[in-house]
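With the hints in hand, could you dock these two chains into one complex?
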Amino acid sequence: MTSATPSLLSPEAAGPAQRSALADLTQETLALTRRLFLQLARRPSTLVAGVLQPLIWLILFGALFANAPEGLLPEGMSYGRFLGAGVIVFTAFSAALNAGLPVMFDREFGFLNRLLVAPLRSRSSIVLASVLYITALSLVQSVAIMATAWGLGYGWPGGAGLLLVLVTLLLLVFAVTGLSLGLAFALPGHIELIAVIFVANLPLLFASTALAPLSFMPAWLGWLAALNPLTFAIEPIRAAYAGHFSLSAVVLEAPYGAVSSAGCLGVLAALALGLFLLIRPLLDRKLA
Amino acid sequence: MTKAATHPVLELENVCKRFGKGEKAVEALQGLSLQVPRGSLFGLLGPNGAGKTTTLRILATLLAPCSGTVRVAGVDALQDPRQVRERLGYVAQEVALDKILSGRELLQLQGDLYHLQRSQRDQRITELIDLLAMGDWIDRRSGTYSGGMRRRLDLACGLLHRPEVLVLDEPTVGLDIESRSAIWAVLRQLRDQGTTVLLSSHYLEEVDALADQLAIIEGGRVIAAGQPSELKAALGGDRVTLRVREFSDEPEALRVQQLVQSCPGVRQVVVNRAQGYSLNLVVEHDGVVEQLRRQLAEAALPVFALAQSRPSLDDVYLQATGRTLMDAELAVAGSRDPKAERKQSMR
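Which chain is which? The protein sequence lines are A and H, in order. Here the numbering used here is used: the first residue of the first sequence is 1, the next is one more, and so on. Here the numbering used here is used: the first residue of the second sequence is 1, the next is one more, and so on.
Bound conformation, chain H alone (with noise of 0.2 Å):
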């Protein structure tokens, strides 16, 4: 890659975002920094609640961060969003459609906004019916349109004005496995083209699969950023699911991470409560794992099941939080107040 190239299109520096006061106040993010390279797709991973849709919020100049700084495009986002809403492309987490309007509709009101002139935007219009295959339906309401037809016309409406950058927020939410894959084709192409695409998922195979570069966000704050392949193999050795029972319960899981800890070449334990209290253990190489067998074996303990892989991204997720990605979206599910993120999303 040439040096232009990989010279950040998307870099926020410190950014914290509070909303509320007082008792009440939420900290949303807490000294975000973030550096995303032109050409790139880049995957910003994190469970519920970490702060990635304020983050793509504030790119979008929808939300302005209680201090930091923000520049898409060397465009400070603060002094001039104008000029960064020119240049970026949003689709949001939740698809916001006009249903009685149909989506050409649609398309020819998101042109004119973006103050293209009537030629070039019906011409776009056409241009990406063909390649998004809207074309059987584009000139229906757009209340009769199944999720993944949403979705499609919410990405078209990014990309009508050719922006630089591509924002997109947990794209494939509740999609499909035919419309997600379309999808995931368009960004595939968009990155090859030149476009800048940053998109927030909670599905690790997502990021895994498409981004060449991501970051990890826990808290409000970036807790590893890197190539997913460099992440992976960064955090060394290999990765083994133990389950002593099909669903053991609490007290069980602790009793056998504490003999399974002893064990030579055992790095890390952790208890999995999303998986029927299973144990994720970082072993140092293969002979561990045949010592492990033994041990549970002398303890009079069964084996239910034994899985042994190379280092995922949850691996890398488990790595920098000490738990897994599911358990973070468990321990938060309960503790959302929808009522106040609603508020928080509406002007």
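Only chain A is shown next, with the shape it has when bound in the complex (with noise of 0.2 Å):
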């Protein structure tokens, strides 16, 4: 205890190095996310599931509707060029939506706590290593669908387009991410959580223009659908695969009036912010 040099056991004599905030933040923001990821690389089945489900939706809904009668969707598209958008959107979607299930399993097995007893620089660490990991993880899974797309002759987004399929994407994914992180904080367990996520998964899927365009709907749907922020990422994503981008143009005919690429992103956007500002009074309490 007295000697000069401190023995296996003694405690520092001082602290820890005096580093800046950013320094300190970057390093346990980096450590959380490479350990989801080393979890990813030893269960890769979260992976393969994730893009084997929407390949077989691509697959399967694209031959189902592969002799739809011409004129039925808009400037003749085919079904499959179609079905493309809202298959990338979903993947996307479902990815984020299953963000809050690691945060949860911490929650439960007490591991979370490990991380709250850490002098962590900003507990936001743990939020953003899930932001990053989710983030990675679903514009992989989506550029595998749209790499499939392409081979099953469903085309590729040109050099902008994909620039704005990765915006809409990005926009998508930190909105739901930021739902899905707060639900993993609100709810009592991780069987409350996924049945959340079994609840919304497949009807906002329907209630959506993934699989069919508004002027298929009835009035009701139509309405749903228009409303639906899937529907405002599958339209920009829809038009860049067209061939036409631009910000300006008009992507959604919704009951309501015209919506253009930028409007769609501007919703996404707006949602993003929104979500996140309304769960931080609760991430806020809970990693107090």
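Keep in mind the hints are simulated off the structure, nothing from the lab. Values in this document were obtained by computation on a predicted structure and should not be read as measured data. There could be a bad hint or two in this list.
Restricting the straight-line Cα-Cα distance to at most 30 Å, the calculated cross-link-like pairs of lysine-lysine (DSSO-like) are [unchecked claim]:
(1) A:Lys286 to H:Lys21
(2) H:Lys24 to A:Lys286
(3) A:Lys286 to H:Lys99
Chain H regions said to be covered by chain A (calculated; three or more residues, Cβ under 8 Å) [unchecked claim]:
(4) 91-97
(5) 109-118
(6) 150-164
Ideal placement from N, C-alpha and C gives every residue a C-beta, glycine not left out.
Put into structure tokens, the structure is as follows:
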């Protein structure tokens, strides 16, 4: 204890070296993100299932409606190409909706407490790591779907179109990840969270323009689809796939009016911001 | 010991903690006050549900008290919890590991969360692997570890950043003798090298064997505190355990209690329900035991067993609460609500 050189178990005479808050935040966020990627690498079933499910949708639904009458879809588009945008968005949406599950398991098994007794520079790093991980995961899955769709002859967006696709997906993933993390802290356990995910997933898909255009739907469903955040992600991507990329071009003829690509992105950005502001008090309370 | 060495490194003053609201509210801590001297190995003894875990979780900044003050190494835990976290290592009762990561990866994660530089982190991990004899299995996934391995890894996580204070919640529950001895040895080394160690336990022999000082908690309050030897010596007299037959029933035990209470030199008689309705007596000197035998014989009561011993920590507990630690454990066993406790531990 009194020796000049600290022995193996003696408490450190001086605290850790003084470092910037940003360096600490980066170190803890990267460490937490690395943990999630290590889990994924050793349990790749999440990634495989996340790619396989939308591929099956793409192949089966594409085949089911391959002989749809001409004129059913806007601009004589093939159903496969029409469906591609919906499946890409659904893939990213599903991945983001599951973002809260690892956090919920950490809460239940006490691992979160291990993180909370550490002198984290900001406990936002726990949330930030989840956002980074889910964003990367959903982008990888989406790119895999896009490549498959291209292989099936459903097209590929051009350079600017690809950028639009990525920005749209990022906004959607941020919004839904925020929602899922909020639910992970608000609900009592993983059973309840999985139930919410099950209930939300397919109805949101069917009540969007992923599988059919608005003109194909009864009026009440058309209204629902025109208010559904998934639709605001699907339509700009669909326009990018159709090859006429323009932020000001109208991509959605909703019952309440026409919406451009920029309008859709604005709605998604507002949604992401709104959801993060909404869950922030909850996160502040739970991580305080 | 120098003045600096005896100055408290952990101070809790009049700490209250309540879980829930209304009729279902549980008062876990009711004005608990405690001082742990720097460099000591301090035991927190009490039955399940006494408030030990809540106390340790408050010290680890996982819980905020409803009222009272908490200071760790001079830092107000409520005002500056981050600084407290830098100075304190916490080893929880439930070992929370990420089963899919190896022990080394968990230690690396822990090091990064404490902002250790990579070279410093890796060197420290190597040292702790050697110290806790984890070399053979540290690169295996932690999901395959035994309870003893998990506990050693958890201890390594708590020590990684060289904390001034190490807080351990029931560190040896469910462990085999070898693992328990290994952990005891490390805790003694820690104390000898200057780290303050606070451990909770409901094992009397653990606290007796390890602790320089202890506090007994009951109902969310400290009911006795001091050095184990002093507390035991302060009781005076000898302890006698009496059984008139192997398994008595309560009426018989009460009858014998009434009889021996009248014997001169017998200071206290308690019926020990957990031990087959045996009687725990405090006697003033050896002669009382002979007198006791004669009195039982005159009353035509058999003596199945009669053992005499110096006061133990269980006697300290008995003196302070009027019941043995085991009786206290049994009393709360049926009234605990695992669901509510799980909810309390979840953020």
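Each hint tested on the structure:
Pair hint Lys286 of chain A plus Lys21 of chain H holds up; C-alpha atoms about 18 Å apart against a cutoff of 30 Å. Between Lys24 of chain H and Lys286 of chain A the CA atoms are separated by roughly 22 Å; this keeps the pair inside 30 Å, and the hint holds. At roughly 24 Å between alpha-carbon atoms, Lys286 of chain A and Lys99 of chain H fall within 30 Å of each other, so this suggested pair holds. Taking a C-beta to C-beta cut-off of 8 Å, the stretch 91-97 of chain H contributes 4 residues in contact with chain A, enough for the three needed, and the coverage statement holds.
Coverage of the stretch 109-118 of chain H by chain A holds. Counting CB-CB distances below 8 Å, 8 residues qualify, and the rule asks for three or more. Figure legend: the stretch 150-164 of chain H, annotated as covered by chain A; annotation consistent (6 residues with Cβ-Cβ distances under 8 Å, at least 3 required).
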